[in-house]
Amino acid sequence: MRFRAKIVDLACLNHFSRIINTIAKLAKTCILRLTVCKLYFILSDKVANGGASMWCELSQGNFFDEFQMEGVAAEHNEIYLEFVPENLSRALKTAQSAKAVKIKLTNKHCPCLRVAVELPSLSSSSRIVTHDIPVGVIPRRMWNDFREPSVPDFDVSIYLPVLKTMKSVVERMKNLSNFIVIEANLSGEMNLKIETDLVSVTTHFKDLGNPPWASEDGCQSSVQGRDLESMAEACIDIKKLQQLLAGQQVNPTKALCNIVRKRIVHFILLHEEVSLQYFIPAVA
Amino acid sequence: MPFSAPPPASGERYALSASLDNARHLSSLLRAVHFQDHATCLATASGLRVTVEDAKCIQANAFIQAEIFQEFSIQEESVMFRISLSVLLDCLTIFGTSSLPGTSTALRMCYRGYGYPLMLFLEEGGVVTVCKIHTQEPEELLDFDFCSTKVVNKIILQSEGLREAFAELDMTSEVLQITMSPDKPYFRLSTFGNAGSAHLDYPRDSDLMEAFHCNQTQTNRYKISLLKPSTKALALSCKVSIRTDAQGFLSLQYMIRNEDGQICFVEYYCCPDENITEAEL
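From first to last, the protein sequence lines stand for chains B and Y.
Each residue of the first sequence is one higher than the one before, counting from 1 in the UniProt record's numbering.
Each residue of the second sequence is one higher than the one before, counting from 1 in the UniProt record's numbering.
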């Protein structure tokens, strides 16, 4: 098993740091899956995570100038590592004006991701700051636990409103209630609702648009003939939604959610080079 | 109305119904008195008064007169209810607190009467939020019986002179001592904290002093923890009037100019702290 990679371009480095910051807001611990072409950040839906799960995928070529990976075996040319994204986030904080960042998988005393940040210095030799981030190597027999979740058979799919507005509203609602109801219909309308003994607040978004889904899995056909006005709703933990929105430092190119009424809300946020899926289960 | 929120249906009489193009005209004033969770709202034909009290010693009132609202109509002589100020503020600022130039949240407020919740309709950028806030029986409010005929000492200062002083008050001191006198030191703020005593004097001929009417030397102490929240009102204001009566009750009145240049008032009343020994004075 070998892994070494290098980022030299400052814009790529900053973009990569922003992605890690977003992941760190969503997961205390997660899985990093390395393949020849892509990096994946995976959080599986264990009870410990409150049932939320995440799948983030990016093409290594868009970020790394050098990328060499040798997996556990030839037929299974991948590496699965468990790590704390906050550690990587902190390491990358020191790289804001770096000349280069090298990441390497090492196993001196225990498996680590060694992040070496080369900083500009006045003398001829560079300053290098090294961070060793402990990782756990996931054995191949457990890889099945981390497969890409399938898009659920949703009742409604809708584009999200302007994230800045959604974020403000959800942050205020978080002060008032622990749970939030998201409901949406196929006429581009979405409501966010909280209700407690003291107060009820509903925010109405209109003209959001509904994404056209190809009917490969018959989703589209089950949708046609459905009442366009009827709302599909799910009640979810408001903190999970707030964490997802708070982690979005840059506006995504596309942001949408799929609602399976009373079961789960599936968020898809696409930036140019990164796709992030986040699943929040409905509470009973 | 700036947006098509559902107006009260005909036949539904609202005891209080008001509209405001910029909800910040209300929320910023309410924040200046937000030192307790609950507040009592009193609406009369003159406008809205929101009162917050603590420890039976301090009372703050925010006045938003009817002229500030685009519409203010009240069906009874007065309407009064108790409400969670924290919840009210979260609702009024549902679209965020940052004031981007050109954007504002429009507000419509409706109250059907005793026992009904307060309804808020807020709109910004085509997005509408509807809030229903539970109201409670109003509690009896303190009456400081403070009228202009009973005032012993009064000064009016430009707020910028006091802002730094209040922001940097030594909070390890239990009290804030205020001395007002026709003679030196004229107007003095004192604290007695862990590091020692601190005195801040304002001469009567200072540029910041707009009016100085002190007839008697008075030194009074007030619990600093009760007065500290008034810093929020001071921060918003352009002028403050400081008055005391014969019992040492303190009245602080803050003149606040909103984004549109309209004037509103916030006042704080505070009882003097009784636990003073001669030795300390």
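What the hints contain is simulated information worked out from the structure, not anything from laboratory work.
For clarity, every value in this text was computed on a predicted model and none was experimentally measured.
Don't take every hint at face value.
Pairwise CB distance ranges, derived in the manner of DEER restraints [unchecked claim]:
1) B/P149 - Y/Q262: 38 to 46 Å
2) B/L228 - Y/E164: 33 to 41 Å
3) B/S44 - Y/M255: 54 to 62 Å
4) B/K93 - Y/G102: 33 to 41 Å
5) B/L228 - Y/R13: 57 to 65 Å
6) Y/Q136 - B/K206: 28 to 36 Å
7) Y/R257 - B/K46: 35 to 43 Å
8) Y/G125 - B/K6: 26 to 34 Å
9) B/R114 - Y/E174: 49 to 57 Å
10) Y/A45 - B/L228: 44 to 52 Å
11) B/P211 - Y/Q70: 36 to 44 Å
12) Y/E71 - B/K206: 46 to 54 Å
Which stretches of chain B does chain Y cover? Using the computed rule of at least three CB atoms under 8 Å from a CB of chain Y, they are [what the hints assert, rightly or not]:
13) 10-19
14) 85-91
Don't be surprised by glycine CBs; every beta carbon is placed ideally from N, CA and C.
Q | Hints that the structure is at odds with (numbers, increasing) | A | When the structure is compared with the hints, numbers 1, 2, 5, 7, 8, 12, 13 and 14 turn out to be violated.
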